[in-house]
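S.K.: Sequence:
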Amino acid sequence: MKIIFKLIFILFLIPSILKGQRGARIAYIDMDIILSKNKEFNIANNLLDEKISQWKKEIELKKIKLKQIQDQFKVEKILLTPELIEDRELEIKDFASEIVSLQEKRFGPKGDMIIQKNQLIKPVQDQVLSIVQDVAKERKYDFVFDRSSDIIMLYSAKNYDISELVLKRIQLQERIKERKEKISSKKK
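Residue 576 is where the sequence shown starts when you use our numbering, and the numbers rise one by one after that.
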């Protein structure tokens with residue numbers, strides 16, 4: 576009886592030992608390549624670039640106006656009283672501070688650019704990460720690295736690159752979404 580119990584115990588123990596000795600399965604993606612080939616990402620990126628361009632023009636116009644005010648002040652300075660000179664210098668300093676504040680508001684660490692980038696690009700990145708997780712679970716990968724991030728990857732064999740698979744799944748989702756939109760528009 577003891578021998579049968581030991582054999583049953585060993586039979587249950589063997590699969591866990593074999594699984595424990597299995598090497599880690601690793602894959603990687605190149606997020607830059609995936610995002611550059613993604614239609615939604617490119618559209619979102621173009622919208623963000625347009626907004627950034629508008630903000631840069633807005634700041635540049637204010638800088639030109641500041642330069643004009645400074646030049647005009649230099650010309651009129653000879654004719655002004657010391658109190659007026661002090662007032663004008665204060666106005667110029669305030670206007671310059673306003674420009675710096677605007678730059679910080681638009682391009683600072685918590686500025687409009689970062690907020691817009693998160694609103695436009697984050698949904699696409701979330702979609703990619705969701706698909707990566709699905710592929711990793713299906714193919715039983717233990718780790719999936721992003722080659723384009725700060726993680727240093729000195730070498731990797733191409734057969735561990737699942738970027739194309741992720742990209743194909745994204746494109747498949749886009750086609751399904753487009754078909755559903757066409758069907759719903761035909762019904763109306």
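These aren't lab readings, by the way, just hints derived from the structure by calculation. Treat each hint with caution, since some may be false.
Unchecked claim - Below are the DSS-like pairs computed for lysine-lysine, each with C-alpha atoms no more than 25 Å apart in a straight line:
(1) K757 / K626
(2) K680 / K612
(3) K614 / K626
(4) K712 / K692
(5) K631 / K697
(6) K685 / K638
(7) K752 / K762
(8) K680 / K632
(9) K715 / K614
(10) K697 / K638
(11) K697 / K642
(12) K652 / K668
(13) K762 / K743
(14) K685 / K612
(15) K697 / K680
S.K.: Evaluate each hint against the coordinates.
M.R.: Here is how each hint holds up against the structure:
For the proposed pair K757 and K626, the alpha carbon gap of about 30 Å is over 25 Å, so the pair is violated. Of the supplied pair hints, the one linking K680 and K612 is violated, its CA atoms being roughly 31 Å apart against a limit of 25 Å. At roughly 19 Å between alpha-carbon atoms, K614 and K626 fall within 25 Å of each other, so this suggested pair holds. About 29 Å separates the Cα atoms of K712 and K692, which puts this hinted pair outside 25 Å; it is violated.
For the hint pairing K631 with K697, the CA-to-CA distance comes to about 23 Å; that is within 25 Å, so the pair holds. For the hint pairing K685 with K638, the CA-to-CA distance comes to about 22 Å; that is within 25 Å, so the pair holds. Distance check on the hinted pair: K752 and K762 sit about 16 Å apart at the alpha-carbon level, within 25 Å; holds. The suggested pairing of K680 with K632 holds, with an alpha-carbon distance near 14 Å, which does not exceed 25 Å.
A threshold of 25 Å between alpha carbons decides the hint, and for K715 with K614 the separation of about 29 Å lies outside it, so the pair is violated. For the given pair, K697 sits about 33 Å from K638 by alpha-carbon distance, which is inconsistent with the 25 Å threshold. Distance check on the hinted pair: K697 and K642 sit about 39 Å apart at the alpha-carbon level, beyond 25 Å; violated. For the hint pairing K652 with K668, the CA-to-CA distance comes to about 15 Å; that is within 25 Å, so the pair holds.
Restraint check for K762 and K743: not satisfied, since their Cα atoms lie roughly 29 Å apart, outside the 25 Å limit. Using a Cα cut-off of 25 Å, the hinted pair K685 and K612 is violated, with the two alpha carbons roughly 28 Å apart. Of the pairs offered as hints, the one joining K697 and K680 holds, with about 20 Å between alpha carbons and a cut-off of 25 Å not exceeded.
Comparing the model with each numbered hint stated earlier shows that hints 1, 2, 4, 9, 10, 11, 13, 14 do not hold.
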